[in-house]
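Engineer: With chain A's structure known, arrange chain X on it following the hints.
From first to last, the protein sequence lines are chains A and X.
Numbered by the numbering used here, the letters in the first sequence go through residues 66 to 314 in order.
Numbered by the numbering used here, the letters in the second sequence go through residues 66 to 314 in order.
Please note that a few of the clues may not be correct.
FRET-style restraints, in silico, Cβ to Cβ [to be verified]: (1) X:Thr118 x A:Gly208: 19 to 27 angstroms; (2) A:Leu178 x X:Arg69: 31 to 39 angstroms; (3) X:Pro229 x A:Arg275: 39 to 47 angstroms; (4) X:Glu164 x A:Arg261: 29 to 37 angstroms.
Sample of chain A residues facing chain X (criterion: CB under 8 angstroms; computed from the structure) [unchecked claim]: (5) Leu255; (6) Asp264; (7) Gly268.
Listed below are the simulated DSS-like cross-link pairs for lysine-lysine, each with C-alpha atoms no more than 27 angstroms apart in a straight line [as the list claims (entries may be wrong)]: (8) A:Lys253 x X:Lys158; (9) A:Lys232 x A:Lys107; (10) A:Lys253 x X:Lys107; (11) X:Lys167 x A:Lys253; (12) X:Lys167 x X:Lys228; (13) X:Lys174 x A:Lys107; (14) X:Lys228 x A:Lys174; (15) X:Lys253 x A:Lys167; (16) A:Lys228 x A:Lys167; (17) A:Lys228 x A:Lys107.
Just so you know, these hints were derived from the structure itself, not from any lab.
Using N, Cα and C, we set each Cβ at its ideal position, and we do this for glycine too.
2 protein chains.
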Amino acid sequence: MTDRIYTAAVLVIGNEILSGRTQDTNLAYIAQGLAGVGVILKEARVIPDVCATIAATVNELRAQYDYVFTTGGIGPTHDDITAECVARAFGAKLVLNQEALKLFQAIFKPEELNEARLRMCHTPEGAALIANPVSRAPGFQMGNVFVMAGIPRVMQAMFDSVKPNLKGGPAVLSRTVACELPEGAIAKGLGDIQTRYADIDIGSYPMFRRGGGFAVNLVLRGRDPARLDAATQEVAEMVRSLGGNPTLE
Amino acid sequence: MTDRIYTAAVLVIGNEILSGRTQDTNLAYIAQGLAGVGVILKEARVIPDVCATIAATVNELRAQYDYVFTTGGIGPTHDDITAECVARAFGAKLVLNQEALKLFQAIFKPEELNEARLRMCHTPEGAALIANPVSRAPGFQMGNVFVMAGIPRVMQAMFDSVKPNLKGGPAVLSRTVACELPEGAIAKGLGDIQTRYADIDIGSYPMFRRGGGFAVNLVLRGRDPARLDAATQEVAEMVRSLGGNPTLE
Numbered sequence: 066m067t068d069r070i071y072t073a074a075v076l077v078i079g080n081e082i083l084s085g086r087t088q089d090t091n092l093a094y095i096a097q098g099l100a101g102v103g104v105i106l107k108e109a110r111v112i113p114d115v116c117a118t119i120a121a122t123v124n125e126l127r128a129q130y131d132y133v134f135t136t137g138g139i140g141p142t143h144d145d146i147t148a149e150c151v152a153r154a155f156g157a158k159l160v161l162n163q164e165a166l167k168l169f170q171a172i173f174k175p176e177e178l179n180e181a182r183l184r185m186c187h188t189p190e191g192a193a194l195i196a197n198p199v200s201r202a203p204g205f206q207m208g209n210v211f212v213m214a215g216i217p218r219v220m221q222a223m224f225d226s227v228k229p230n231l232k233g234g235p236a237v238l239s240r241t242v243a244c245e246l247p248e249g250a251i252a253k254g255l256g257d258i259q260t261r262y263a264d265i266d267i268g269s270y271p272m273f274r275r276g277g278g279f280a281v282n283l284v285l286r287g288r289d290p291a292r293l294d295a296a297t298q299e300v301a302e303m304v305r306s307l308g309g310n311p312t313l314e
Numbered sequence: 066m067t068d069r070i071y072t073a074a075v076l077v078i079g080n081e082i083l084s085g086r087t088q089d090t091n092l093a094y095i096a097q098g099l100a101g102v103g104v105i106l107k108e109a110r111v112i113p114d115v116c117a118t119i120a121a122t123v124n125e126l127r128a129q130y131d132y133v134f135t136t137g138g139i140g141p142t143h144d145d146i147t148a149e150c151v152a153r154a155f156g157a158k159l160v161l162n163q164e165a166l167k168l169f170q171a172i173f174k175p176e177e178l179n180e181a182r183l184r185m186c187h188t189p190e191g192a193a194l195i196a197n198p199v200s201r202a203p204g205f206q207m208g209n210v211f212v213m214a215g216i217p218r219v220m221q222a223m224f225d226s227v228k229p230n231l232k233g234g235p236a237v238l239s240r241t242v243a244c245e246l247p248e249g250a251i252a253k254g255l256g257d258i259q260t261r262y263a264d265i266d267i268g269s270y271p272m273f274r275r276g277g278g279f280a281v282n283l284v285l286r287g288r289d290p291a292r293l294d295a296a297t298q299e300v301a302e303m304v305r306s307l308g309g310n311p312t313l314e
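Next up, chain A with everything else stripped away, as it sits in the complex (with noise of 0.2 angstroms):
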């Protein structure tokens, strides 16, 4: 166990993600594996296959967390630019990357392996490719960034396989007390409790039943299982005190 907190960014690449065409799901996927290796997430950002934007944002964020995790542009076409723009980011050459050479060769015939796809087969020169079992190009980690695919199924693939080798903490469990309370009449309760608990960082949300009416979702978030457990009785407790039906999920 270690007091060092380790932090993370997402970068979501893509004009499909902010044209709303495709309905990103990735970061969902990767803030669910860091919290279990007890990486704190703290921020995502999406941004378009521009590369001076791409390379900018890929320093600004290595600079200010532990490890960097792009999604999408490692393609074939024309609009697949991610590899390029982080060798810019890091002011390293863009190399035929010999283990990817060899991944390729064997997955095309010679008269197959075009210019296109000779181009997924280049990283920064100095990057550890990151294995792809789902479609076989492969992605890259370069420094703390790792460069991954944007296809939910390869994306996951690839970062179940590097998620073993992250440096991080106990990881981060969760609580949730659900109510069917206003979120008005438990506010102040639920504040208190927060107070009390620094450490838990406690969340209210509302959402809408089926049925209709509101719901509200408490949910509890912490490293230590025993302070998480107290807080979380403490909530229940407050709800019942107003009436409520707290449910422990």
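Structural biologist: Below, chain X alone, put in the same frame as chain A:
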């Protein structure tokens, strides 16, 4: 028709998104709406419920783009700090908004109008309310920053109510050519078309078919319908020339 390009950023505020607990869908909704009124969404950020971070990010984004849309953090609980942080960003006082107070006085009995609910009637001084036809607690506009709820149904209603007043340009239109050729086979032809149509944004998005194997959506976006249709025809012909069977969506 104007040459002026109007730009926007989305700022998603909330620990629940960064923990992976909640899957954000507001970004895609706002993105699609902005495309419809010809406002270009340049970036999105997801940040935690930390006032200094919220204020600094609001200031960075509002200086850089025509519009900033924030989601989340305007309820009555202790983690709802967006209004005070936006006030801080603008160097404005957080004041009891008389119009919001009237709304709340119409909903709640005097004894129900507790401190937590009165918090929701506070806005930065000079803000204009954004109506909430779903659950009534309003959002607000301060300068070029639109502060909206996090609950999707409420956020959507708020966004829809401000959208008609945004200055934009011609709608950004979209065409999709779907095919089952591998990206590596079409990359060269697609890149050539992109080079000749600098005003059209062409993206290539591979996906898994349910039955197995890859398919690719080639998405073209632009403001000039004639140019867009011409480029789409060229993409479809290119796919056909490579033995593919293009489907226009």
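Engineer: Determine for every hint whether it applies to the structure shown.
Structural biologist: These are the hints, each one checked on the structure:
For threonine 118 (chain X) paired with glycine 208 (chain A), a C-beta distance near 24 angstroms keeps the hint of 19 to 27 angstroms intact. Checked against the hint of 31 to 39 angstroms, the C-beta distance between leucine 178 (chain A) and arginine 69 (chain X) comes to roughly 46 angstroms, which is inconsistent with it. Taking the beta carbon of each, proline 229 (chain X) and arginine 275 (chain A) are about 30 angstroms apart, not inside 39 to 47 angstroms as hinted. Between glutamate 164 (chain X) and arginine 261 (chain A) the Cβ separation comes to about 36 angstroms, which falls inside the hinted range of 29 to 37 angstroms.
With a least beta-carbon distance of about 6 angstroms to chain X, the hint placing leucine 255 (chain A) at the interface is held under the 8 angstroms criterion. A cut of 8 angstroms between beta carbons decides the hint on aspartate 264 (chain A): the least distance to chain X is about 14 angstroms, and the hint is violated. At its closest, the beta carbon of glycine 268 (chain A) sits 5 angstroms from a beta carbon of chain X; the interface hint therefore holds under the 8 angstroms criterion. Distance restraint check for lysine 253 (chain A) and lysine 158 (chain X): the Cα-Cα separation of roughly 23 angstroms lies within the 27 angstroms cut-off, and the hinted pair is therefore satisfied.
Taking the CA atoms of lysine 232 (chain A) and lysine 107 (chain A), the gap is about 16 angstroms. The hint holds against a cut of 27 angstroms. This hinted pair does not check out: lysine 253 (chain A) and lysine 107 (chain X) have alpha carbons roughly 39 angstroms apart, beyond 27 angstroms. For a cut-off of 27 angstroms, the pair hint linking lysine 167 (chain X) to lysine 253 (chain A) stands: about 22 angstroms separates their Cα positions. For the suggested pair lysine 167 (chain X) and lysine 228 (chain X), the alpha carbons sit about 25 angstroms apart, so the restraint of at most 27 angstroms is met.
A C-alpha spacing of about 40 angstroms is found between lysine 174 (chain X) and lysine 107 (chain A), which places the hinted pair above 27 angstroms, so the restraint is violated. For a cut-off of 27 angstroms, the pair hint linking lysine 228 (chain X) to lysine 174 (chain A) is broken: about 52 angstroms separates their Cα positions. Proposed proximity of lysine 253 (chain X) and lysine 167 (chain A) is supported: the alpha carbons are some 22 angstroms apart, at most 27 angstroms. Pair hint lysine 228 (chain A) plus lysine 167 (chain A) holds up; C-alpha atoms about 25 angstroms apart against a cutoff of 27 angstroms.
Between lysine 228 (chain A) and lysine 107 (chain A) the alpha-carbon distance is near 17 angstroms, which keeps this suggested pair within the 27 angstroms criterion.
In summary, the structure is inconsistent with hints 2, 3, 6, 10, 13 and 14 from the numbered list given earlier, while agreeing with the others.
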